Amino acid sequence: MSSRRAVRSGGSAQQSQFLSRRGFLAGTAATAAAAVLAACGRTSPVSSSGGPAGSSSGSLTIGAIPDQDPEVLQRLYGTVADSMSAALDLDVRYTPVTDYGAAVSLFRTGDLDLVWFGGLTGVQARLQTPGAQPIAQRDIDESFTSVFIVNADTGLTPADDLTPLAGLRFTYGSETSTSGRLMPAYFLTQQGVDPQGFPGGPGFSGSHDATISLVASGSYQAGVLNEQVWASRTEDGTVDPSTVLQYARTPEYHDYHWLLGPQAVERLGDDLPDRLLDHLTGLRAGDEVLELFGAGAFIPTEASNYDQIEAVGRDLGLIS
Amino acid sequence: MTTVLVRPRVHPRLHRVRARWGWGLGALAVVVWSLAGAGAFSGEVTNPAGTAQFGRFAAAALSPALDGAFLRVLADSVLVTVAYAALGAALAIGLGAVGAVALARTTWGRRRAGWTLARGALAVPRGLHEAVWGLLLVNLLGLDPWVGVLAIGIPYGAVTAKVFADLLDEVPRGAYSALLAAGAGRATAALYGLLPPASGGLLSYSFYRLECAVRSAVVLGLIGAGGLGYQLSLSFSSLRWEQVWSCVYALALLCLAADAGGRAVRRRVASPRASGDRLRRDPALTTAVAVVLAGVGWSWWYLAISPATLVSDRTGAQLAYVLSAAWPPDVDGPLLSAVATAAVDTVQMSVIAIAVATLGAVLLAGVAARPARASAGRRLAGAVVRLGLLLLRAVPPPVWALVLLFVLLPGVLPGALALGVYTLGVLGRLAAEATEELDPRPRAALTALGAGPVGGWLYGVLPAATGPVLAFALYRWEVAIRDTVLVGLLGAGGLGALLASRVAAFDWGAVTTVLAALVLLTAAVDLVSARARAALR
Chain E
1 MSSRRAVRSG GSAQQSQFLS RRGFLAGTAA TAAAAVLAAC GRTSPVSSSG GPAGSSSGSL
61 TIGAIPDQDP EVLQRLYGTV ADSMSAALDL DVRYTPVTDY GAAVSLFRTG DLDLVWFGGL
121 TGVQARLQTP GAQPIAQRDI DESFTSVFIV NADTGLTPAD DLTPLAGLRF TYGSETSTSG
181 RLMPAYFLTQ QGVDPQGFPG GPGFSGSHDA TISLVASGSY QAGVLNEQVW ASRTEDGTVD
241 PSTVLQYART PEYHDYHWLL GPQAVERLGD DLPDRLLDHL TGLRAGDEVL ELFGAGAFIP
301 TEASNYDQIE AVGRDLGLIS
Chain C
1 MTTVLVRPRV HPRLHRVRAR WGWGLGALAV VVWSLAGAGA FSGEVTNPAG TAQFGRFAAA
61 ALSPALDGAF LRVLADSVLV TVAYAALGAA LAIGLGAVGA VALARTTWGR RRAGWTLARG
121 ALAVPRGLHE AVWGLLLVNL LGLDPWVGVL AIGIPYGAVT AKVFADLLDE VPRGAYSALL
181 AAGAGRATAA LYGLLPPASG GLLSYSFYRL ECAVRSAVVL GLIGAGGLGY QLSLSFSSLR
241 WEQVWSCVYA LALLCLAADA GGRAVRRRVA SPRASGDRLR RDPALTTAVA VVLAGVGWSW
301 WYLAISPATL VSDRTGAQLA YVLSAAWPPD VDGPLLSAVA TAAVDTVQMS VIAIAVATLG
361 AVLLAGVAAR PARASAGRRL AGAVVRLGLL LLRAVPPPVW ALVLLFVLLP GVLPGALALG
421 VYTLGVLGRL AAEATEELDP RPRAALTALG AGPVGGWLYG VLPAATGPVL AFALYRWEVA
481 IRDTVLVGLL GAGGLGALLA SRVAAFDWGA VTTVLAALVL LTAAVDLVSA RARAALR
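So the protein sequences, as listed, match chains E and C. The opening position of the first sequence corresponds to residue 1 in the numbering used here, with each subsequent residue numbered one higher. The opening position of the second sequence corresponds to residue 1 in the numbering used here, with each subsequent residue numbered one higher.
If you are wondering where the hints come from, they were derived from the structure by calculation, not from laboratory data. What you are looking at is a predicted structure, and each value in this text was computed from that prediction instead of being measured. Note that CB positions come from ideal geometry on N, CA and C, so glycine has one too. Keep in mind that a hint or two might mislead.
Here are the computed distance ranges between Cβ atoms for each label pair [unchecked claim]:
hint, chain 1, residue 1, chain 2, residue 2, range
1, C, LEU336, E, PRO130, 31 to 39 Å
2, C, LEU336, E, GLY200, 17 to 25 Å
3, C, ARG20, E, GLY317, 41 to 49 Å
4, C, LEU310, E, ILE299, 51 to 59 Å
5, C, LEU253, E, ASP271, 47 to 55 Å
6, C, LEU336, E, ASP160, 21 to 29 Å
7, E, PRO262, C, LEU323, 21 to 29 Å
8, E, PRO262, C, PRO328, 50 to 58 Å
9, C, ALA524, E, ASP160, 25 to 33 Å
10, C, GLY316, E, ASP287, 37 to 45 Å
11, E, SER143, C, LEU62, 38 to 46 Å
12, E, GLN308, C, GLY22, 37 to 45 Å
Below, a sample of chain C positions facing chain E; criterion: calculated Cβ distance under 10 Å [to be verified]:
hint, residue
13, THR51
14, ASP144
15, SER237
16, TYR249
17, ALA260
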């Protein structure tokens with residue numbers, strides 16, 4: 001290499017080059033090529049193999065929207081996937097999703113085959129995914145309730161009349177939560193309380209646990225959440241009864257259910273819904289899956305169970 | 001950073017500049033208007049009863065979750081976050097390099113219309129926050145690692161293209177003109193006449209982007225893209241503060257590593273090692289670039305990215321689905337009035353946030369800066385403040401919003417302050433760096449004359465630091481207005497809350513309207529901020 005050429009290319013003729021330009025570029029190209037080639041045979045740590053293109057014919061992707069104890073979800077659905085996999089002789093995989101909207105979209109795109117949806121999100125997903133069918137619900141889901149809670153400083157004592165809540169700072173849970181938003185809003189309307197009319201507008205705490213904390217802090221004077229979560233937090237002592245207390249319980253409504261997408265049925269056969277239902281309803285009391293779900297049994301369900309939710313959702317502008 | 005934003009020169013004349021007074025009074029009026037809008041002057045804003053809840057959050061900082069299983073999950077998440085950051089930044093720099101050609105004045109010459117159009121086209125990718133891009137991309141691509149990479153790469157690419165173009169335009173043009181005059185083509189002349197002198201600035205800025213990408217990768221986790229932010233949001237939604245803090249510490253360590261690495265590289269670029277042969281390549285810089293390139297390769301492998309996803313039939317079908325649902329935009333009266341109200345809230349929120357952050361940054365910059373010679377006590381104070389700033393920016397804004405809501409009553413204020421403390425974490429560091437780069441002589445002279453530390457700071461540092469710090473603050477204001485989408489919920493309102501509610505209802509027509517409003521608002525703020533910065537120069 002002539003010294004002039006070396007200088008022109010940014011190097012020195014006398015000293016050995018740390019890394020020549022040519023070597024550098026070749027190395028980069030080689031790394032890139034190696035990465036691309038190696039990536040071909042790998043499963044990404046952040047995704048399931050997406051949709052029909054990636055799914056092998058014998059696999060089922062299940063998912064859930066975290067609604068309570070999200071960090072337990074991984075364990076919960078790991079167990080569910082194993083149990084399902086053994087019973088149905090399928091490769092069942094669990095894909096975690098953090099966001100209500102994302103879960104609905106992923107169900108529509110076929111990334112998720114079988115999802116444990118809340119009442120409203122189940123309706124949203126079903127309306128966007130022609131051919132989707134509800135499979136099963138828990139025994140407690142056909143008579144689900146929410147509880148209205150108030151800060152102790154409001155001086156309110158448990159009652160059935162919801163009208164005193166109208167003048168309080170009020171928070172719901174997540175915006176599309178059935179038990180933390182939709183049905184409570186419906187029951188407020190039934191009693192003549194405008195569900196959007198709280199002073200300063202209602203808040204959306206984002207989760208049932210955040211609702212409890214915010215009402216306990218007094219920033220919001222009242223709130224509403226899933227009774228199952230309220231009961232478990234009261235039991236384990238997270239709730240301080242001197243700061244936050246139960247004010248009222250809503251009437252019963254249908255909530256969570258398993259929703260199966262049409263692509264899975266196409267792939268795995270028309271009898272898939274029946275096989276899934278048989279497996280789920282066949283679980284006996286004491287089964288680990290049932291314990292993790294906090295249920296006594298799974299029971300069949302049908303789309304008409306969620307007609308009321310759909311109607312309320314349309315009224316609130318959550319279904320368009 | 002510091003090589004990117006041109007630091008305003010101190011005006012040698014001592015008379016008052018009328019334009020600056022105008023801007024100053026205007027800014028004051030806007031801050032007062034925002035505070036009034038947030039209800040700061042009308043009635044109670046604090047909720048003292050909530051200190052116990054806030055205390056739980058704060059106390060957990062001392063007892064982060066450290067059990068083995070959780071730490072293993074964290075370690076995996078850190079790798080995902082790093083991979084997203086590396087690939088996102090790499091994509092941004094690639095897009096930036098291509099885009100810079102389309103944006104540079106050099107390309108357009110006297111054709112100002114074309115140049116203005118090209119710059120205007122940037123408003124869309126720049127105006128939307130990474131999290132918004134993530135939200136949209138999840139709908140197109142499903143749970144694919146591309147979501148995280150593109151969500152960082154697209155908005156960052158647009159910013160990078162603008163900065164790269166400015167850097168190329170500002171390089172001395174002698175070599176370029178000489179090459180043109182000698183008969184070289186324009187591309188050749190640019191490659192050999194413009195690129196080499198600009199390469200230092202380009203490299204500096206690329207590393208700065210990599211640092212920012214780490215924080216963005218965490219925010220993306222919050223919308224479900226995986227990684228550290230995903231773990232954080234899981235623990236956050238059930239308020240397991242011990243786990244939240246573990247995630248925050250992991251993120252702080254990542255940020256610290258990225259900051260330190262990036263800073264070292266930028267220092268090295270700004271003041272190259274003197275050596276006998278000027279043309280020798282700096283081995284330290286070459287190693288840094290090689291390590292980053294290897295990191296990008298590893299990230300590609302680790303995330304198992306497949307370019308085929310982007311052009312698959314499924315992606316096309318989803319794109320058609322979302323576009324047909326999103327067009328035409330919803331323009332009915334109630335929505336437009338909601339957008340207008342929310343836009344006012346968003347502006348007020350961002351103004352309060354930036355005012356709080358600027359005030360804090362000015363007060364803390366002196367302590368946070370690393371002085372050349374200092375006592376052990378001063379060093380310790382500096383380290384503590386810098387650590388505090390690091391934690392302020394490592395806790396994501398949505399978490400700040402919730403914990404501040406424990407001690408504040410609902411409204412715009414908790415969201416604004418949440419954004420304010422987060423921005424303080426970023427701005428404090430920038431202000432400290434700006435302070436370090438100031439001429440030390442005025443203060444040394446005052447100290448030699450017997451001035452105390454406060455007097456020396458007030459008269460020797462503050463006047464010179466005001467210009468650069470305000471310039472950074474105005475720059476961060478553009479960022480803050482985008483960040484408001486992160487703290488919109490919880491009754492804080494703003495366009496972020498509106499966007500979240502429309503996305504939750506899958507009302508794509510309204511989503512388009514809100515996104516358009518966000519883009520316009522960001523572009524307007526960009527314009528005002530650029531004008532104000534020009535007045536500072």
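For each hint, the structure was consulted:
1. C:LEU336 - E:PRO130: 31 to 39 Å: With Cβ atoms ~32 Å apart, the hint holds.
2. C:LEU336 - E:GLY200: 17 to 25 Å: Holds, since C:LEU336 and E:GLY200 (Cβ atoms, about 22 Å apart) stay within the stated range.
3. C:ARG20 - E:GLY317: 41 to 49 Å: For C:ARG20 and E:GLY317 the Cβ distance comes to about 47 Å; the hint holds.
4. C:LEU310 - E:ILE299: 51 to 59 Å: Taking Cβ atoms as reference, C:LEU310 and E:ILE299 lie about 43 Å apart, which means the hint is violated.
5. C:LEU253 - E:ASP271: 47 to 55 Å: holds (52 Å)
6. C:LEU336 - E:ASP160: 21 to 29 Å: 40 Å Cβ-Cβ, so the 21 to 29 Å window is violated.
7. E:PRO262 - C:LEU323: 21 to 29 Å: Hint holds: Cβ distance 23 Å, inside 21 to 29 Å.
8. E:PRO262 - C:PRO328: 50 to 58 Å: violated (29 Å)
9. C:ALA524 - E:ASP160: 25 to 33 Å: Roughly 51 Å apart at Cβ, these two residues miss the hinted range, so it is violated.
10. C:GLY316 - E:ASP287: 37 to 45 Å: Once the Cβ atoms are compared, 43 Å apart, the range 37 to 45 Å for E:ASP287 and C:GLY316 holds.
11. E:SER143 - C:LEU62: 38 to 46 Å: 44 Å Cβ-Cβ, so the 38 to 46 Å window holds.
12. E:GLN308 - C:GLY22: 37 to 45 Å: Violated, at about 60 Å.
13. THR51: holds (8 Å)
14. ASP144: Interface hint status for C:ASP144: holds (5 Å vs cutoff 10 Å).
15. SER237: holds (4 Å)
16. TYR249: violated (17 Å)
17. ALA260: violated (22 Å)
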